[in-house]
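Student: Chain residues, written in single-letter form:
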Amino acid sequence: MVVDQVRSSDDVDRLFHALADATRRDIVRRVLQQEASVSSLARHYAMSFAAVQKHVAVLERAHLVVKQRRGREQVVHGDVDALRTATRLLSELEELWRGRVDRMEAVLADLDDPHRPTGGAA
Amino acid sequence: MSVVSTTPDPQALTLTLVADLAAPPVRAWALWADARRLERWWGPPTWPATFDSHDLRAGGTAKYHMTGPEGEVARGHWRFVAVDEPRAIEIDDAFAGDDGEPDPTMPVTRMVVALEAGGSGTTMTITSRFASAEQMEQVVAMGMAEGMAEAVGQIDALLAAA
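Here the protein sequences line up with chains A and B, keeping their order. For the first sequence, the numbering used here begins at 2 and goes up steadily by one. For the second sequence, the numbering used here begins at 625 and goes up steadily by one.
By construction, these hints were calculated from the structure, which means they are not laboratory data. Being a predicted model, the structure only gives us computed values, none of them experimental. Some hints here could point you the wrong way.
[To be verified] Calculated from the model, a selection of chain A residues having no Cβ within reach of chain B, i.e. all distances over 12 Å:
#1 Ser-38
#2 Val-39
#3 Met-48
#4 Gln-69
#5 Arg-70
#6 His-78
[Claimed, not checked] A partial selection of chain B residues facing chain A, derived with a Cβ cut-off under 10 Å:
#7 Val-627
#8 Ala-646
#9 Arg-661
The C-beta atom is built at its ideal place from N, Cα and C for all residues, glycine as well.
Construct the entire structure; sequences and hints are all you get.
Tutor: Set out below in structure tokens:
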């Protein structure tokens, strides 16, 4: 069964790789709040314009942001769907474990458990 | 609610779950150490697990299979990396082939289980770690057999953590 029918595993890898860098996460946070040009983004970081441009390109390949040319500027805005994908994968894993813990509790609570060890283990 | 917290970390590819179990650590340990108990909670209700072998010691292995609603069989393999009764177990959980041996082309999940006296009996902390996002997706896809609820987007939480 496929978790996400839209994105391939390669896409998901690119997504997590892109989010693994603090500067890139900060860029995503900013452009989700408000679109920004690459040059205005570059002013926030102690790195060259070219370096920021590279970060934006990584985010673009991961579908986290969309870049559009507007006149002389490149304007970046955030793509919320990609973040939803990452978050959903971890949420699904969490649900799996919540189910397991619920069943663990049922096993512990089951006083008629025929496999309960004798000898006062409890 | 016995799950105290869950901490997904998309950067580190880990999920950390802390649960409060109403039994002392020695009994909580038996959830992992006793194969007959283990198979009552490991597999989802629609995919019950049967442990065909279970050798709980460092370097030991366990082999299990889960049976799906249509009679499908999914095999799994555990390698016990570290065992510290009744406090901690570290397990590599792998998919297995028909021979019961780990399938080298499939993902391995490292699970670290810690049991400490606390809360209403035992505080259990489980950390699941994946080697890559692709592997995580494969494991989650297998877990989908349970028919998990549609998750709600938690973008704010992810961004706050970032």
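Student: Hint by hint, note whether the structure agrees.
Tutor: Tested hints:
1. Listed as outside the interface, Ser-38 (chain A) is consistent with that label: its C-beta sits roughly 21 Å from the nearest C-beta of chain B, beyond the 12 Å cut-off.
2. For Val-39 (chain A), the non-interface assignment is confirmed: its Cβ lies about 20 Å from the closest Cβ of chain B, beyond the 12 Å cut-off.
3. With a minimum CB-CB distance of about 18 Å to chain B, Met-48 (chain A) clears the 12 Å threshold, and the non-interface call stands.
4. Against chain B, the non-interface label of Gln-69 (chain A) holds: every CB pair exceeds 12 Å, the least being about 22 Å.
5. Against chain B, the non-interface label of Arg-70 (chain A) holds: every CB pair exceeds 12 Å, the least being about 27 Å.
6. Listed as a non-interface residue, His-78 (chain A) keeps its Cβ farther than 12 Å from every Cβ of chain B; the least gap is roughly 15 Å.
7. Interface restraint check for Val-627 (chain B): the shortest CB-CB distance to chain A comes to about 6 Å, inside 10 Å, so the restraint holds.
8. Hint status for Ala-646 (chain B): holds, given a least beta-carbon distance of 6 Å to chain A, under 10 Å.
9. Because the smallest distance between the Cβ of Arg-661 (chain B) and any Cβ of chain A comes to about 5 Å, under 10 Å, the interface hint for this residue holds.
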